[in-house]
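Note that the protein sequences, when read in sequence, are chains A and B. Okay, so the first sequence: first residue is 7 according to the numbering used here, each after it adds one. Okay, so the second sequence: first residue is 7 according to the numbering used here, each after it adds one.
Take the hints with a grain of salt, since some may be wrong.
Note that the list lumps identical chains together, so a pair holds whenever it fits in one copy or between two copies.
[Unchecked claim] Calculated lysine to aspartate or glutamate pairs in the DMTMM-like style (CA-CA distance at most 25 angstroms, straight line):
| hint | residue 1 | residue 2 |
| --- | --- | --- |
| 1 | Lys348 | Glu314 |
| 2 | Lys342 | Asp22 |
| 3 | Lys42 | Glu335 |
| 4 | Lys349 | Glu314 |
| 5 | Lys26 | Glu216 |
| 6 | Lys10 | Glu177 |
| 7 | Lys184 | Glu17 |
| 8 | Lys348 | Glu101 |
| 9 | Lys42 | Glu336 |
| 10 | Lys53 | Glu280 |
| 11 | Lys349 | Asp108 |
| 12 | Lys339 | Glu314 |
| 13 | Lys348 | Glu18 |
| 14 | Lys203 | Asp238 |
| 15 | Lys342 | Glu314 |
| 16 | Lys26 | Glu279 |
| 17 | Lys203 | Asp22 |
| 18 | Lys96 | Glu230 |
| 19 | Lys53 | Glu331 |
| 20 | Lys42 | Glu331 |
| 21 | Lys42 | Glu279 |
| 22 | Lys342 | Glu63 |
| 23 | Lys348 | Glu280 |
| 24 | Lys348 | Asp22 |
| 25 | Lys254 | Glu335 |
| 26 | Lys184 | Asp227 |
| 27 | Lys96 | Asp239 |
| 28 | Lys349 | Glu110 |
Hint data in this document are derived by calculation from the structure and do not stem from the laboratory.
There are 2 protein chains.
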Amino acid sequence: MSSKPMRQQMEEYILDLQDKIVAALENLDPNAPAFKRDSWVRAQGGKGISCVFAMPEALSVDAAAPVSVLEKAGVNISIVHGSLPPAAIKQMRVEHTSIPYDPESTATLPFFAAGISLVIHPRSPHAPTVHANYRYFEITEPNAGEGAQGKVIAWWFGGGCDLTPSYLYEEDAVHFHKTIKDACDPYGPAIYPAFKKWCDEYFYIPHRQESRGIGGIFFDDLCEQKHQRLDDDAVRPRNAEDIFEFVKHAGNAFIPSYIPILERRMSMLSTAEERRWQLIRRGRYVEFNLVYDRGTKFGLATPGARIESILMSLPETARWEYMSEMGTEEGSKEAKLMEVVKKPRQWA
Amino acid sequence: MSSKPMRQQMEEYILDLQDKIVAALENLDPNAPAFKRDSWVRAQGGKGISCVFAMPEALSVDAAAPVSVLEKAGVNISIVHGSLPPAAIKQMRVEHTSIPYDPESTATLPFFAAGISLVIHPRSPHAPTVHANYRYFEITEPNAGEGAQGKVIAWWFGGGCDLTPSYLYEEDAVHFHKTIKDACDPYGPAIYPAFKKWCDEYFYIPHRQESRGIGGIFFDDLCEQKHQRLDDDAVRPRNAEDIFEFVKHAGNAFIPSYIPILERRMSMLSTAEERRWQLIRRGRYVEFNLVYDRGTKFGLATPGARIESILMSLPETARWEYMSEMGTEEGSKEAKLMEVVKKPRQWA
Numbered sequence: 007m008s009s010k011p012m013r014q015q016m017e018e019y020i021l022d023l024q025d026k027i028v029a030a031l032e033n034l035d036p037n038a039p040a041f042k043r044d045s046w047v048r049a050q051g052g053k054g055i056s057c058v059f060a061m062p063e064a065l066s067v068d069a070a071a072p073v074s075v076l077e078k079a080g081v082n083i084s085i086v087h088g089s090l091p092p093a094a095i096k097q098m099r100v101e102h103t104s105i106p107y108d109p110e111s112t113a114t115l116p117f118f119a120a121g122i123s124l125v126i127h128p129r130s131p132h133a134p135t136v137h138a139n140y141r142y143f144e145i146t147e148p149n150a151g152e153g154a155q156g157k158v159i160a161w162w163f164g165g166g167c168d169l170t171p172s173y174l175y176e177e178d179a180v181h182f183h184k185t186i187k188d189a190c191d192p193y194g195p196a197i198y199p200a201f202k203k204w205c206d207e208y209f210y211i212p213h214r215q216e217s218r219g220i221g222g223i224f225f226d227d228l229c230e231q232k233h234q235r236l237d238d239d240a241v242r243p244r245n246a247e248d249i250f251e252f253v254k255h256a257g258n259a260f261i262p263s264y265i266p267i268l269e270r271r272m273s274m275l276s277t278a279e280e281r282r283w284q285l286i287r288r289g290r291y292v293e294f295n296l297v298y299d300r301g302t303k304f305g306l307a308t309p310g311a312r313i314e315s316i317l318m319s320l321p322e323t324a325r326w327e328y329m330s331e332m333g334t335e336e337g338s339k340e341a342k343l344m345e346v347v348k349k350p351r352q353w354a
Numbered sequence: 007m008s009s010k011p012m013r014q015q016m017e018e019y020i021l022d023l024q025d026k027i028v029a030a031l032e033n034l035d036p037n038a039p040a041f042k043r044d045s046w047v048r049a050q051g052g053k054g055i056s057c058v059f060a061m062p063e064a065l066s067v068d069a070a071a072p073v074s075v076l077e078k079a080g081v082n083i084s085i086v087h088g089s090l091p092p093a094a095i096k097q098m099r100v101e102h103t104s105i106p107y108d109p110e111s112t113a114t115l116p117f118f119a120a121g122i123s124l125v126i127h128p129r130s131p132h133a134p135t136v137h138a139n140y141r142y143f144e145i146t147e148p149n150a151g152e153g154a155q156g157k158v159i160a161w162w163f164g165g166g167c168d169l170t171p172s173y174l175y176e177e178d179a180v181h182f183h184k185t186i187k188d189a190c191d192p193y194g195p196a197i198y199p200a201f202k203k204w205c206d207e208y209f210y211i212p213h214r215q216e217s218r219g220i221g222g223i224f225f226d227d228l229c230e231q232k233h234q235r236l237d238d239d240a241v242r243p244r245n246a247e248d249i250f251e252f253v254k255h256a257g258n259a260f261i262p263s264y265i266p267i268l269e270r271r272m273s274m275l276s277t278a279e280e281r282r283w284q285l286i287r288r289g290r291y292v293e294f295n296l297v298y299d300r301g302t303k304f305g306l307a308t309p310g311a312r313i314e315s316i317l318m319s320l321p322e323t324a325r326w327e328y329m330s331e332m333g334t335e336e337g338s339k340e341a342k343l344m345e346v347v348k349k350p351r352q353w354a
């Protein structure tokens with residue numbers, strides 16, 4: 007057990023994980039340009055490192071052989087702090103009753119947040135898009151004085167990862183879910199099923215009545231208090247160190263859950279029709295992120311937010327067809343994907 | 007002055023305008039496939055005709071010479087009726103005080119709406135996207151009995167049109183605005199300036215701090231009552247017949263405002279870089295429509311709404327680059343467009 011404050015432990019962890027993930031992606035495609043590293047500082051308090059892959063000059067979208075493994079990717083970390091307005095405090099108090107709340111008060115509370123967030127859109131229509139995010143949030147007592155950190159009055163972890171294929175390869179879906187499940191299971195058998203279900207519910211596009219992809223896990227508000235998605239008597243990590251161990255286990259599962267899939271799909275040739283379908287599916291990704299994703303909506307509504315970071319999750323190219331026939335032909339490869347986004351399946 | 011009910015007059019007008027606009031677009035490109043006409047009926051009450059242009063097989067996005075004038079276009083009319091829930095009645099009453107409102111009541115009121123809505127995305131990066139929409143809304147007394155129509159208790163017109171170029175041709179912007187202004191001016195000199203300003207305010211993307219395009223006109227709630235955007239003593243159409251005449255004048259100005267611009271830009275050759283910029287700008291179009299457009303948001307949140315019609319406004323292809331350098335180089339053609347979307351100009 008570390009004697010370092012959790013915020014420092016988490017910061018060190020996400021810095022290291024970011025390095026490892028970027029290195030794993032770069033190793034897959036040594037001839038492609040390296041990720042662009044971009045450090046930034048937030049005037050209101052905080053810093054981050056964006057690692058971004060893009061080849062905007064490669065516009066030849068229907069090339070049968072991919073010109074690079076990735077089309078667009080971002081692996082970002084951010085470590086920020088600031089003041090929570092009363093409205094945000096009120097909302098967070100629903101899940102974190104240790105936060106004092108006086109409905110009459112207009113006072114703010116100091117917060118700290120550290121997280122890693124990534125979205126990877128490969129070029130081949132056969133290679134799935136992936137998203138992952140792990141974060142630690144802390145609220146402290148105010149008025150600790152110049153430079154000093156107030157006593158922690160609430161903290162929690164959140165995160166998850168999910169896969170979005172354009173074409174369904176069942177062995178990929180099984181591998182992805184099984185790797186995540188194996189990372190969760192040592193922390194209690196109820197963890198994976200609860201967070202898998204939460205993921206299916208979260209990444210849902212109501213107006214299309216379909217999921218964004220084939221899911222993974224999603225969780226929030228994980229702390230020592232009662233949890234809305236876990237039975238009181240379920241085996242689960244219950245203190246900060248154990249929960250941090252679980253989060254690290256899930257975060258460390260990212261590379262083994264995704265890179266082998268990317269490796270076996272990245273060089274597959276594709277047709278113009280397959281590319282077309284991939285871009286239609288990326289249109290759905292855009293719809294989910296712009297219309298429903300809480301993080302994106304919150305970011306867009308925050309004055310002074312870094313729009314380029316918030317919208318980095320969007321694919322390089324997306325496509326919308328009116329009444330497209332793609333995906334509607336029974337027995338087609340496209341319809342096979344539609345089946346599992348219309349009706350989430352148990353993969354592990 | 008017609009003795010026909012306004013709902014019938016509006017229905018006849020939009021049917022005719024739809025035909026004329028589709029014919030004008032088809033005449034420009036006789037070798038392209040015709041628009042696909044699609045009649046639909048709404049189970050809850052109503053009907054519509056969608057006229058849609060698409061060539062989904064034409065994926066060669068960087069072809070220097072456009073394979074067709076249009077890339078994606080929809081010219082739709084809809085004539086629907088139904089029941090307004092109390093929440094909608096409450097909101098509409100703000101601008102239409104003739105609507106009875108009892109805060110305790112859970113009763114609905116019958117409504118009727120007829121409108122034409124179009125979005126045209128040409129293929130050439132030099133040809134601007136255009137959007138137009140003219141609509142008539144009516145609320146009637148309930149309980150008029152089987153098949154009978156209750157007394158009209160509130161009615162209004164809304165609409166407008168706006169231009170979204172990727173490259174700015176000042177003469178196009180002037181022509182578009184001047185044609186609309188000439189259609190407005192006979193109804194009072196305050197009309198165009200008020201509705202031009204409203205358009206600039208409406209089609210604004212706060213998170214980008216830029217307008218979707220170079221504007222046009224936008225108006226709503228135009229009826230015999232006081233209007234929020236027009237001085238009480240301003241010259242303006244004040245009764246249903248005069249307002250309908252104004253709306254027809256504006257609607258009829260669509261073809262002369264846009265077709266000549268499309269004609270002079272549609273065959274211009276373009277580079278891969280120009281196409282890339284066009285797709286980045288189309289990404290902004292998607293951002294506005296999915297995040298801010300009231301009609302789209304309302305549609306997506308309406309159970310049973312026809313998603314294909316609502317999202318028909320989206321371009322066939324859109325593009326997102328992280329920290330794109332396009333548009334940032336001073337003096338470039340892209341920067342010239344950015345100037346006018348950052349700071350709306352008076353064009354007429």
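Inset, instruction - Give the relationship of Lys348 and Glu314 under a CA distance limit of 25 angstroms: within one copy only, between copies only, both, or neither. - result: between (31 angstroms within a copy, 17 angstroms between copies)
Legend entry - Homo-oligomer pair classification [Glu17, Lys184; C-alpha up to 25 angstroms]: neither (28 angstroms within a copy, 58 angstroms between copies)
Inset, instruction - Indicate which option fits the pair Lys349, Asp108 if close means a Cα-Cα distance not exceeding 25 angstroms: within, between, both or neither. - result: neither (43 angstroms within a copy, 43 angstroms between copies)
Inset, instruction - Could you place Lys203 and Asp238 in one of the four classes (within, between, both, neither) given a Cα distance threshold of 25 angstroms? - result: within (18 angstroms within a copy, 57 angstroms between copies)
Legend entry - Within, between, both or neither: Lys339, Glu314 at alpha-carbon 25 angstroms: For Lys339 and Glu314, only the inter-copy Cα distance (22 angstroms) is at most 25 angstroms; the intra-copy one is 34 angstroms.
Legend entry - Intra/inter-copy verdict for Lys349 and Glu314 if alpha-carbon distance must be at most 25 angstroms: between (33 angstroms within a copy, 21 angstroms between copies)
Inset, instruction - Check Lys96 against Asp239 for me: Cα-Cα at most 25 angstroms, and say if that holds within a copy, between copies, both or neither. - result: neither (28 angstroms within a copy, 47 angstroms between copies)
Legend entry - Alpha-carbon proximity between Lys96 and Glu230, which holds within one copy, between copies, both or neither at 25 angstroms: within (20 angstroms within a copy, 44 angstroms between copies)
Inset, instruction - Tell me, please, which holds for Lys254 and Glu335 at an alpha-carbon limit of 25 angstroms: within, between, both or neither? - result: For Lys254 and Glu335, the Cα distance exceeds 25 angstroms both inside one copy (42 angstroms) and across copies (43 angstroms).
Legend entry - Lys203 and Asp22: within-copy, between-copy, both or neither at 25 angstroms Cα: Answer is neither; intra-copy 29 angstroms and inter-copy 51 angstroms both fail.
Legend entry - Alpha-carbon proximity between Lys42 and Glu331, which holds within one copy, between copies, both or neither at 25 angstroms: between (38 angstroms within a copy, 14 angstroms between copies)
Legend entry - Within, between, both or neither: Lys349, Glu110 at alpha-carbon 25 angstroms: neither (46 angstroms within a copy, 41 angstroms between copies)
Checked against the numbered hints given earlier, the structure breaks hints 2, 5, 6, 7, 8, 10, 11, 13, 16, 17, 24, 25, 27, 28 and satisfies all the rest.
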